[in-house]
Structures are given as C-alpha cells and as structure tokens.
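Given only the sequences and the hints, what does the whole structure look like? Please build it.
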Amino acid sequence: MDSHQFPPLGLVAQSPPAPGLPDPALAVARELGRLSLGPRVKPGQSVAITAGSRAIAQIPSILAVIVAEMKKLRAEPCIFPAMGSHGGATAQGQTELLASLGITEESVGAPIEASMDTIQLGETNEGIPVHVSQCAAQADHIVVVNRVKPHTKFKGEIESGLMKMLAVGMGLHQGAAALHALAPSLGMETVIRSPARLALKQLPVLFGLGIVETANHQVHSVKALLSKQLEAGEQKLLVLAKELAPKLPFPDIDLLIVDEIGKNFSGTGMDPNVTGRNRDLLGEFTTGQTTRRILVRDLSPASKGNGLGIGLADFSTDRAVAAMDYQKTLTNALTAMSPEKAAIPPHFSSDQEAVLAALNSLGRWSPDTTKLVRIPNTLHIQQAMVSPALLRELPGNLRVVAEPSPMVFTEKGNLLDFPGKED
Numbered sequence: 001m002d003s004h005q006f007p008p009l010g011l012v013a014q015s016p017p018a019p020g021l022p023d024p025a026l027a028v029a030r031e032l033g034r035l036s037l038g039p040r041v042k043p044g045q046s047v048a049i050t051a052g053s054r055a056i057a058q059i060p061s062i063l064a065v066i067v068a069e070m071k072k073l074r075a076e077p078c079i080f081p082a083m084g085s086h087g088g089a090t091a092q093g094q095t096e097l098l099a100s101l102g103i104t105e106e107s108v109g110a111p112i113e114a115s116m117d118t119i120q121l122g123e124t125n126e127g128i129p130v131h132v133s134q135c136a137a138q139a140d141h142i143v144v145v146n147r148v149k150p151h152t153k154f155k156g157e158i159e160s161g162l163m164k165m166l167a168v169g170m171g172l173h174q175g176a177a178a179l180h181a182l183a184p185s186l187g188m189e190t191v192i193r194s195p196a197r198l199a200l201k202q203l204p205v206l207f208g209l210g211i212v213e214t215a216n217h218q219v220h221s222v223k224a225l226l227s228k229q230l231e232a233g234e235q236k237l238l239v240l241a242k243e244l245a246p247k248l249p250f251p252d253i254d255l256l257i258v259d260e261i262g263k264n265f266s267g268t269g270m271d272p273n274v275t276g277r278n279r280d281l282l283g284e285f286t287t288g289q290t291t292r293r294i295l296v297r298d299l300s301p302a303s304k305g306n307g308l309g310i311g312l313a314d315f316s317t318d319r320a321v322a323a324m325d326y327q328k329t330l331t332n333a334l335t336a337m338s339p340e341k342a343a344i345p346p347h348f349s350s351d352q353e354a355v356l357a358a359l360n361s362l363g364r365w366s367p368d369t370t371k372l373v374r375i376p377n378t379l380h381i382q383q384a385m386v387s388p389a390l391l392r393e394l395p396g397n398l399r400v401v402a403e404p405s406p407m408v409f410t411e412k413g414n415l416l417d418f419p420g421k422e423d
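For the sequence shown, position 235 (counting from the first letter as 1) is numbered 235 according to the working numbering, and the numbering increases by one without interruption.
Just so you know, not all the hints are guaranteed correct.
[As the list claims (entries may be wrong)] Pair ranges (Cβ atoms, derived):
#, residue 1, residue 2, range
1, Leu-416, Glu-105, 36 to 42 Å
2, Pro-16, Asp-325, 34 to 40 Å
3, Thr-90, Ser-36, 38 to 44 Å
4, Gly-102, Val-408, 31 to 37 Å
5, Lys-242, Ile-344, 30 to 36 Å
6, Lys-228, Val-408, 23 to 29 Å
[Said to hold, decoys possible] DSS-like mimics (lysine-lysine), calculated; alpha carbons at most 27 Å apart, straight line:
#, residue 1, residue 2
7, Lys-201, Lys-155
8, Lys-155, Lys-247
9, Lys-247, Lys-421
10, Lys-242, Lys-228
11, Lys-242, Lys-421
12, Lys-42, Lys-72
13, Lys-228, Lys-71
14, Lys-236, Lys-201
15, Lys-42, Lys-201
16, Lys-71, Lys-201
17, Lys-242, Lys-155
What the hints contain is simulated information worked out from the structure, not anything from laboratory work.
Ideal placement from N, C-alpha and C gives every residue a C-beta, glycine not left out.
Take a look at the structure:
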C-alpha cells in the first residue's frame with residue numbers, strides 16, 4: 001500500500017508540565033539534614049539502601065547523595081537490588097539491570113550487594129508470608145528509596161512507592177511471588193500495606209525517600225520520611241503524583257502506535273494509565289480511555305529482553321519479538337500473576353505490514369476519519385503524532401508543532417524514528 005493512503009500524521013505538543021527541581025541532589029541532602037540522623041547512626045554501622053528496577057529520574061545521583069550522607073556519619077553504606085523477580089530473578093541479572101540504569105559502585109560510591117537470599121519475617125494477620133532480602137535483614141539500618149506513582153494494576157491510597165518497595169521489592173523473587181499469588185483474593189493494596197507494616201515494625205528502617213516526578217520524567221519533589229511517618233507520608237505523595245502523571249489527552253483512539261515498550265518506561269512495559277489498556281485479573285480490561293487497537297513496534301534495549309507488556313498489544317513486529325528474552329519475560333509475568341502480559345500478539349516483518357493489519361482490523365477506516373496516535377513510549381508523551389481526525393478536535397492544552405504529512409517508511413518498510421526521539 002502507498003504510504004499516502006495511510007492517515008497522515010501531524011506533531012502536537014502538550015503544555016509544559018510542572019517544572020522539575022533545579023538541583024535534585026541538593027534537595028535530597030536538605031531533606032536528609034532535616035531528619036537529624038546523627039544521634040541514630042553510630043560509626044561503623046551498616047546501612048543497606050534499596051535500588052529498584054525502574055528508570056527513576058536522577059536515581060544514580062540521588063543514591064550517591066544518600067551514600068555520602070551516611071559516610072559523613074561514618075557509617076558503612078551499601079546498595080542492594082530490591083526489585084522482586086526483575087532482572088531474571090538472579091543476582092547477576094539484577095546487578096546488570098542496575099548498571100543499565102547507571103547504578104554502579106563507581107557512580108554511587110558504595111558496593112552493590114546482590115543476592116536472591118531471603119529470610120521470612122513472619123506472617124501478617126491475613127496469612128501473608130513476609131520475606132525480606134537477607135542483606136537488608138542483617139543491616140543495622142535500612143534506607144528505602146523509590147518513586148511514588150500510580151500503579152499499573154489497581155487504584156488505591158497506597159499504590160507504587162515506598163510501601164511496595166518494603167513489601168515486594170525487598171522480598172525479592174520469593175517474596176514477590178508469594179504476595180502476587182494472594183493479590184487476586186486479598187486485593188493488591190492489602191498485600192502491599194499489610195506486609196509493609198510488618199516490615200516497618202520488625203526491621204530497622206532508618207527512613208524512606210519518596211520521589212515524585214513531573215509528566216516529562218523530571219524530579220518534581222523529594223520527601224524524606226522516618227519509619228513512623230512513612231505510610232501516611234506516602235499517601236500524600238501519591239495524591240501529588242496522580243496530579244502530575246503523564247496522560248494522553250485523547251479519550252477515544254482507533255489505533256495507538258507505541259514505538260517502544262520496556263521496563264525502563266513502565267513496570268508493565270507500557271503504562272495502562274496512558275494506553276487505556278489494562279487486561280488484568282485485578283482490574284478492568286480498560287482504564288476508562290477507549291483505545292481500540294494497540295501496535296508495539298519495538299522493545300527498548302534498556303529492558304534487557306524483558307518484553308512484559310507486549311501482551312497488551314494487538315499487533316507487533318518480528319523485531320520486537322526477536323528482542324525478547326522470553327524466559328525472563330515469562331518469569332516476571334508469572335510472578336506478577338499477569339500471564340496475559342507475556343502473550344505474543346500477531347507480528348509482522350515490517351511496520352508497514354503491521355500498521356496496515358491493525359487498521360484493517362478496525363473494519364472500515366479512512367485516512368481522514370481514523371483516529372491514530374503515535375508515541376515514542378508511555379513515559380515520554382509530551383509530544384505525539386496524530387491524524388487529522390484528532391487534529392480537528394484538539395484539546396486546549398495542545399499546540400500543533402508540525403502539520404500533517406504522509407507516513408514515511410524506509411526501504412525495509414519501517415517507520416522513521418519519532419521526531420526528537422528520547423532514549
């Protein structure tokens with residue numbers, strides 16, 4: 001099919017999001033100073049600091065500040081992977097994942113102590129077994145660091161953040177598997193809150209650092225919380241995070257083309273809060289936004305083969321499927337009780353074939369009336385490419401950057417990179 005017969009795409013941009021902090025590292029240092037940790041941390045004591053699998057803005061420098069502050073108190077800090085089953089559920093895989101995020105001994109100034117060994121702290125009143133990394137359990141102090149944001153599977157007052165890091169991330173593969181297995185019967189918020197409360201009661205949590213990001217993945221604010229403040233403090237941070245979270249301003253989409261999915265963009269590969277597609281036992285199939293078809297073009301290199309979320313797509317490409325480490329993807333999907341997110345959709349040798357198949361699956365379509373949106377990934381959506389049908393009903397917070405032009409395909413039938421592509 002001639003590319004001129006596809007819907008032409010114009011480039012639009014959302015209004016500038018809330019500004020990020022000019023110096024996140026300085027803000028972290030000030031937050032830690034506010035806690036007056038000196039009397040609580042003795043020289044020579046060990047401090048285990050969590051590092052998760054998400055691409056949090058400025059995370060290497062944030063961890064480096066915490067390490068430096070602990071060293072000022074003459075403590076002995078270390079970083080330990082706290083990411084459930086991610087990284088293929090192996091110590092080496094989790095260390096490599098941290099390195100891909102820029103978190104290394106050299107960048108943060110402390111050793112990375114990776115192990116999949118856990119101990120069981122006990123059980124909650126609901127019968128939930130609570131596991132914790134042996135590295136954390138043996139430390140004199142624990143520092144919990146995470147971004148606070150809306151979860152991709154459920155809605156609540158506590159979603160993805162510090163409490164989840166305590167309950168799921170620090171439990172490594174064994175803990176994450178146990179909690180996710182009980183989520184369908186007890187609810188996701190319960191299997192986060194209850195184990196996290198037990199962990200806060202039994203473990204020497206020095207403080208937690210909650211990070212809230214802007215819609216364009218900058219650090220908006222940081223908040224240090226002592227263990228007794230952590231649960232209530234996170235609830236307040238989540239309210240702010242929901243206000244700032246990236247959203248597509250189109251409630252009705254015929255075809256959404258996502259250039260890349262990956263764990264560096266969302267725990268689910270592509271964020272259901274952006275795509276409108278949930279497909280999960282714990283929630284509705286959709287999230288309130290109508291997206292009839294989703295096409296995934298590729299898997300990000302930073303995802304290290306973890307293609308979780310490809311099952312949320314209706315169509316994909318051969319190269320996206322070839323980039324997957326299916327065993328790693330399946331381990332993550334089964335641990336999260338989300339086997340559907342590892343399902344491989346129909347895939348094609350070129351973007352052109354995939355786009356045509358996706359459009360044809362809509363039934364009757366035309367370049368002028370089909371509502372098509374193309375985004376680079378679900379984390380960077382300040383700009384989007386949209387078809388004329390959507391340009392005609394553009395919301396007030398969007399401006400046109402470039403007028404519609406035909407889709408351009410390479411000789412191999414693949415789309416050109418998204419304008420100003422971000423990695």
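These are the hints, each one checked on the structure:
Taken as a hint, the range 36 to 42 Å holds for the pair Leu-416 and Glu-105, whose Cβ atoms sit roughly 39 Å apart. About 38 Å separates the C-beta atoms of Pro-16 and Asp-325, a value consistent with the hinted range of 34 to 40 Å. At about 39 Å, the beta-carbon gap between Thr-90 and Ser-36 stays in the expected band of 38 to 44 Å. The given range of 31 to 37 Å is respected by Gly-102 and Val-408, whose C-beta atoms sit roughly 33 Å from each other.
Between Lys-242 and Ile-344 the Cβ separation comes to about 32 Å, which falls inside the hinted range of 30 to 36 Å. One distance hint, 23 to 29 Å for the beta-carbon pair Lys-228 and Val-408, is violated here, with the actual separation near 57 Å. Between Lys-201 and Lys-155, the direct Cα distance comes to roughly 25 Å. Compliance with the 27 Å bound is thereby established for this hinted pair. At roughly 16 Å between alpha-carbon atoms, Lys-155 and Lys-247 fall within 27 Å of each other, so this suggested pair holds.
Proximity of Lys-247 to Lys-421 is assessed by CA-CA distance (about 18 Å); at most 27 Å being required, the pair is judged to hold. Distance check on the hinted pair: Lys-242 and Lys-228 sit about 23 Å apart at the alpha-carbon level, within 27 Å; holds. For the given pair, Lys-242 sits about 25 Å from Lys-421 by alpha-carbon distance, which is consistent with the 27 Å threshold. Annotation: proposed proximity of Lys-42 to Lys-72 holds, straight-line Cα distance about 11 Å (limit 27 Å).
The hinted pair formed by Lys-228 and Lys-71 meets the criterion: a straight-line CA distance of about 24 Å does not exceed 27 Å. Taking the CA atoms of Lys-236 and Lys-201, the gap is near 21 Å; set against the 27 Å cutoff, the hint holds. Between the alpha carbons of Lys-42 and Lys-201 the distance comes to roughly 21 Å, so the proposed pair stays at or under 27 Å and holds. For a cut-off of 27 Å, the pair hint linking Lys-71 to Lys-201 stands: about 26 Å separates their Cα positions.
With a C-alpha separation of about 11 Å, the suggested pair Lys-242 and Lys-155 falls inside the 27 Å cut-off, and the hint holds.
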